[in-house]
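Hey, can you work out the whole structure from these sequences and the hints?
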Amino acid sequence: MSDADAELRSSFTSCSPCEETWHRKPRTRDCASLSGWSPRWLIAVAIAPFFAGCGAEVSETDPEVEAAAQVPAEIVTSHQQMLDVLLRVHSLRLYEKTFWGQDTIDTEVRRLAARQDTRTADYLHACINLGRRWLWMGKPAKASELFDRVLQTCEKNAGRLSDTDRNFVLFQAGRASLREGENQNCVKCNNAASCLIPIQEAGFHQEKAGSQGAIRYFTQLLELEPDHGPARWLLNIAYMTLGEYPKSVPAHLVIPEERFVSAEFPRFTNVAGDYGLNIVSCSGGVCTEDFDSDGDLDILTSAWLSSDQIRYFENRGKEGFKETTKDTNLTGIYGGLNSIHADYDNDGDCDAYVLRGAWLKEAGMIPNSLLQNDGTGRFYDVTFAVGMGKEHFPTQTAVWLDFDNDGDLDLYVGNEDFPCQLFENLGARGFRDVAAKAGVENNGYTKGVTAGDVNGDNFPDLYVSNLRSANRLYINNRNGTFTDTAESAGVQNPIHSFPTWMWDFDQDGQLDIFVAGYAATLASVEHRFLAQGEHVDSCRLYRGLGDGTFQDVTAEAGLEAYSTAMGSNFGDLNNDGFPDFYLGTGYPGYDGLMPNAMYLNQEGKRFLDVTFSGGFGHLQKGHSVAFADLDDDGDQDIFEQMGGAFPGDAAANALYQNPGFGNNWVRIRLEGRRTNRSAIGARVHLTIMDQGQPRDLYRWVGTGGSFGAGPLRLEVGLGRAELIKRLEVYWPVTQQTQVFEDLAVRGHYHIIEDDNVLR
Numbered sequence: 001m002s003d004a005d006a007e008l009r010s011s012f013t014s015c016s017p018c019e020e021t022w023h024r025k026p027r028t029r030d031c032a033s034l035s036g037w038s039p040r041w042l043i044a045v046a047i048a049p050f051f052a053g054c055g056a057e058v059s060e061t062d063p064e065v066e067a068a069a070q071v072p073a074e075i076v077t078s079h080q081q082m083l084d085v086l087l088r089v090h091s092l093r094l095y096e097k098t099f100w101g102q103d104t105i106d107t108e109v110r111r112l113a114a115r116q117d118t119r120t121a122d123y124l125h126a127c128i129n130l131g132r133r134w135l136w137m138g139k140p141a142k143a144s145e146l147f148d149r150v151l152q153t154c155e156k157n158a159g160r161l162s163d164t165d166r167n168f169v170l171f172q173a174g175r176a177s178l179r180e181g182e183n184q185n186c187v188k189c190n191n192a193a194s195c196l197i198p199i200q201e202a203g204f205h206q207e208k209a210g211s212q213g214a215i216r217y218f219t220q221l222l223e224l225e226p227d228h229g230p231a232r233w234l235l236n237i238a239y240m241t242l243g244e245y246p247k248s249v250p251a252h253l254v255i256p257e258e259r260f261v262s263a264e265f266p267r268f269t270n271v272a273g274d275y276g277l278n279i280v281s282c283s284g285g286v287c288t289e290d291f292d293s294d295g296d297l298d299i300l301t302s303a304w305l306s307s308d309q310i311r312y313f314e315n316r317g318k319e320g321f322k323e324t325t326k327d328t329n330l331t332g333i334y335g336g337l338n339s340i341h342a343d344y345d346n347d348g349d350c351d352a353y354v355l356r357g358a359w360l361k362e363a364g365m366i367p368n369s370l371l372q373n374d375g376t377g378r379f380y381d382v383t384f385a386v387g388m389g390k391e392h393f394p395t396q397t398a399v400w401l402d403f404d405n406d407g408d409l410d411l412y413v414g415n416e417d418f419p420c421q422l423f424e425n426l427g428a429r430g431f432r433d434v435a436a437k438a439g440v441e442n443n444g445y446t447k448g449v450t451a452g453d454v455n456g457d458n459f460p461d462l463y464v465s466n467l468r469s470a471n472r473l474y475i476n477n478r479n480g481t482f483t484d485t486a487e488s489a490g491v492q493n494p495i496h497s498f499p500t501w502m503w504d505f506d507q508d509g510q511l512d513i514f515v516a517g518y519a520a521t522l523a524s525v526e527h528r529f530l531a532q533g534e535h536v537d538s539c540r541l542y543r544g545l546g547d548g549t550f551q552d553v554t555a556e557a558g559l560e561a562y563s564t565a566m567g568s569n570f571g572d573l574n575n576d577g578f579p580d581f582y583l584g585t586g587y588p589g590y591d592g593l594m595p596n597a598m599y600l601n602q603e604g605k606r607f608l609d610v611t612f613s614g615g616f617g618h619l620q621k622g623h624s625v626a627f628a629d630l631d632d633d634g635d636q637d638i639f640e641q642m643g644g645a646f647p648g649d650a651a652a653n654a655l656y657q658n659p660g661f662g663n664n665w666v667r668i669r670l671e672g673r674r675t676n677r678s679a680i681g682a683r684v685h686l687t688i689m690d691q692g693q694p695r696d697l698y699r700w701v702g703t704g705g706s707f708g709a710g711p712l713r714l715e716v717g718l719g720r721a722e723l724i725k726r727l728e729v730y731w732p733v734t735q736q737t738q739v740f741e742d743l744a745v746r747g748h749y750h751i752i753e754d755d756n757v758l759r
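Under our numbering, the first residue of the sequence shown is numbered 1, with each subsequent residue one higher.
By construction, these hints were calculated from the structure, which means they are not laboratory data. Treat the hints with caution; some may be incorrect.
Unchecked claim - Using 30 angstroms as the maximum straight-line C-alpha spacing, the simulated BS3-like pairs for lysine-lysine come out as follows:
no., residue 1, residue 2
1, K390, K188
2, K322, K188
3, K326, K188
4, K142, K208
5, K188, K247
6, K97, K361
7, K142, K188
8, K390, K437
9, K390, K97
10, K390, K326
11, K208, K188
12, K156, K188
13, K605, K725
14, K361, K437
15, K156, K142
16, K97, K142
17, K97, K208
18, K208, K247
19, K390, K361
Here it is in structure tokens:
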């Protein structure tokens with residue numbers, strides 16, 4: 001491993017939390033390193049065809065893979081091919097070169113060392129450029145040194161930089177100091193209160209120098225530019241980390257305390273450290289599912305860097321989670337900004353699809369991975385074996401659906417600045433891309449996709465969220481083609497959008513659409529917390545009318561407040577039967593610190609912000625979100641894969657444990673036979689009596705939002721209902737309905753299509 005790679009990797013793998021707060025499970029070795037890998041495997045890598053000739057077999061394979069003699073040869077070969085390709089991607093250092101400019105760092109270091117006159121504007125700009133990149137790489141101390149050099153030179157040599165440039169450097173210097181404080185406290189010594197706004201005593205920084213330095217820089221900047229909103233915001237945050245907010249913040253700069261108060265709500269606790277899940281990483285994906293078929297939910301996580309190992313955490317009940325990545329044959333499967341799961345091959349266990357290459361158009365084409373679960377708790381990358389490895393484009397979003405209602409799952413992949421792909425499942429013959437024929441190529445900068453039957457014709461439709469262009473609603477024509485009706489349906493906005501999903505927020509039996517805004521600035525923070533700046537286009541909540549058209553109810557639902565959302569998902573916090581949702585916020589820039597946001601559904605009429613009272617206002621970048629009952633106590637917890645795009649913006653993942661609300665619940669696992677085995681697209685209708693009032697509840701099987709994947713089993717809150725009067729399961733392929741009556745609450749039910757025995 002090169003010195004540059006080692007330094008890059010150390011920027012966050014060395015940030016292990018303190019002994020008293022780190023998880024209790026032993027740490028695994030750094031999978032980015034080749035040390036400890038099989039010599040035979042290394043020989044195979046050295047002679048592998050990498051990108052060229054993906055259909056060719058390699059002469060050697062990983063001994064563990066080779067030992068699995070029962071696995072078909074084409075699957076073993078496909079798995080090895082992906083290992084080779086991903087190692088090749090890492091060796092090319094595409095992320096380092098393209099996204100944060102490692103080559104620029106190397107060049108600028110040499111250029112600065114060769115310069116004699118350190119007072120010229122050209123030299124100072126070179127220092128600024130290099131300092132920013134050191135910050136991206138996770139070297140805030142080196143960045144601060146350069147920013148200080150620039151500021152000292154400007155102080156002694158007036159006019160070397162414009163006022164605008166000088167103020168820019170002050171802001172960057174403040175951000176570098178604040179990040180140094182975050183690294184020393186929130187990352188290295190992460191605990192349950194770290195980075196939760198408003199920061200409480202347990203989250204105060206013990207190493208104070210970073211925040212103290214940030215306060216000096218931001219104060220100086222605000223004296224020169226009083227209306228600098230981001231500086232004022234981060235100044236208040238820095239004081240919070242020291243326990244000196246609001247008393248020590250200058251009166252004209254303090255953000256009123258009431259801005260950090262939300263509606264009263266029981267507090268969830270971040271217990272990721274207790275369960276061995278507070279892994280420090282950059283942005284990535286999560287799937288929560290019972291992958292080993294033992295009845296509880298396991299966790300599969302990924303992070304987007306080409307050196308980031310996919311990680312598998314087995315749920316062992318009262319013992320917590322144990323990382324078993326090596327045992328599940330995932331070693332060497334790197335990268336992934338997002339992931340989704342389903343039983344694509346109808347064999348009774350869940351597989352996973354990992355998405356790569358987003359934001360990296362210039363870096364070339366990095367393949368996605370289809371990970372097949374062999375039913376014994378091991379995964380094999382079958383991407384090349386099933387025909388999905390021929391073309392790969394930058395992406396981070398996809399959705400499983402049975403678009404042709406033939407009983408197996410197809411896959412729609414939303415690509416950035418390239419045609420989207422619709423992979424038709426051909427069973428034993430693999431997949432073929434039929435997007436062009438189907439008319440769903442989109443050709444936009446796709447950031448979110450979701451599917452559901454919005455017009456009641458039993459065939460799933462597609463909604464596509466685009467960044468910087470109108471969104472699309474593709475109505476299924478039931479003949480293998482789709483028609484975009486977004487304009488007539490009224491669902492094109494917002495123009496700057498990102499995650500999306502279909503759900504029934506008001507429980508009227510019709511699918512609705514949520515799509516989050518993403519303008520990638522601190523405008524949302526300025527407007528919400530500083531009461532200044534222009535209001536930016538918000539999210540959209542569209543109420544489905546059942547005929548494929550929608551009504552915009554964003555304002556009446558109380559959702560006009562803007563959030564720059566990335567990872568997100570929905571579930572039921574209090575088991576009242578109405579779905580709530582959580583937005584992971586932020587953007588790649590280091591100034592993009594903004595609280596993640598939780599919204600509580602008020603009986604399908606409005607949403608209430610419970611971010612701060614509920615303990616959800618994490619400051620770090622929020623990515624994949626999953627609502628899931630991970631501790632098997634009947635209520636949903638929230639797992640969030642944290643971290644930004646740059647190595648220097650890594651953060652610890654979070655698991656918010658539900659304190660319980662006393663409401664009843666039911667758990668339902670559907671198993672299709674003529675419908676796809678995962679039952680994706682099937683609808684459940686429950687009739688209950690809640691405190692003497694009849695209620696109808698509706699759920700569709702799926703993993704939830706477009707950035708984070710919850711379990712396929714249905715975890716339904718029932719409020720105070722003591723009995724489920726009627727449970728109907730509608731299967732779209734056969735258009736048949738199964739009916740069960742008088743079911744006990746707090747039960748776990750397994751329903752198989754065409755079988756009226758309730759298990």
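When you check the alpha-carbon spacing of K326 and K188, does it fall within 30 angstroms? With Cα atoms ~25 angstroms apart, K326 and K188 stay inside 30 angstroms; holds.
With a cut-off of 30 angstroms on the C-alpha distance, tell me whether K322 and K188 pass. holds, 21 angstroms
Pair hint K156 and K188, alpha-carbon separation not exceeding 30 angstroms: violated, 37 angstroms
Does K208 pair with K188 here, judged by a C-alpha cut-off of 30 angstroms? At roughly 14 angstroms apart (the allowed maximum being 30 angstroms), K188 and K208 satisfy the hint.
Has the given pair, K156 with K142, been kept, meaning a C-alpha gap of at most 30 angstroms? holds, 22 angstroms
Between K390 and K188, does the CA-CA distance stay at or below 30 angstroms? Not satisfied, since the Cα-Cα distance of roughly 42 angstroms exceeds 30 angstroms.
Given hint K437 paired with K361 - CA-CA distance at most 30 angstroms: holds, 25 angstroms
With a cut-off of 30 angstroms on the C-alpha distance, tell me whether K142 and K208 pass. holds, 18 angstroms
CA of K390 to CA of K437, is that 30 angstroms or under? holds, 18 angstroms
30 angstroms Cα cutoff - pair K390, K97: Measuring from Cα to Cα gives roughly 25 angstroms; hence the hint holds.
Pairwise hint evaluation, K188 against K142, where the allowed Cα distance is 30 angstroms at most: OK: K142 and K188 at ~18 angstroms, within 30 angstroms.
Given hint K326 paired with K390 - CA-CA distance at most 30 angstroms: holds, 28 angstroms
Hints 1, 12, 17, counting from the list given before, are not met by this structure.
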